[in-house]
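Engineer: Sequence:
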Amino acid sequence: MGVGTSVLAIDAGNSKTDVAVVAADGRIVGTARGGGFQPPRVGVETAVDTLEEAVARALAEAGADSVGHVSACLANADLPVEERELAEALRRRAWGPSVDVRNDTF
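The numbering of the sequence shown is our numbering, which starts it at 312 and goes up by one.
Since no wrong hints were added, every one of them can be taken at face value.
In silico lysine to aspartate or glutamate, EDC-like type, Cα no more than 16 Å apart, as pairs:
id : residue 1 : residue 2
1  : K327      : E364
2  : K327      : D415
3  : K327      : D360
4  : K327      : E363
Calculated directly from the structure, the hints in this document are not laboratory data.
Turn these sequences into a full structure, and let the hints steer you where they fit.
Structural biologist: See below:
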C-alpha cells in the first residue's frame with residue numbers, strides 16, 4: 312500500500328461495526344455504522360454480508376466504488392488461519408485490491 316492510497320477501515324465487533332473511508336490525504340470522506348460481526352455463530356460469508364450494507368453506505372458517501380486498501384479489525388479473527396479465511400472473504404467482495412485483517416482488539 313502506497314502513501315497515496317485510499318483506505319476502507321472496518322472495525323467490526325460482536326455488537327456493532329464502524330466503517331470509514333479515508334482519502335489518500337488523510338481526510339475521512341465516508342462513514343457508516345452497522346450490526347455486529349459474528350462468524351462463529353452465522354458463518355463467514357453471512358458475517359461478511361453484514362458488513363456489506365455499512366461498507367456500501369460509507370463508499371457512497373465518499374463517492375467511491377472501491378478503495379486502494381482494506382484494513383479490517385474483526386471480532387473472532389483470533390488465529391492466523393481465521394485472519395486468512397476472513398481476508399479471503401473480504402477480497403471476494405472487491406472493495407479494494409489489497410486486504411489486511413486483524414483481530415478487533417488491535
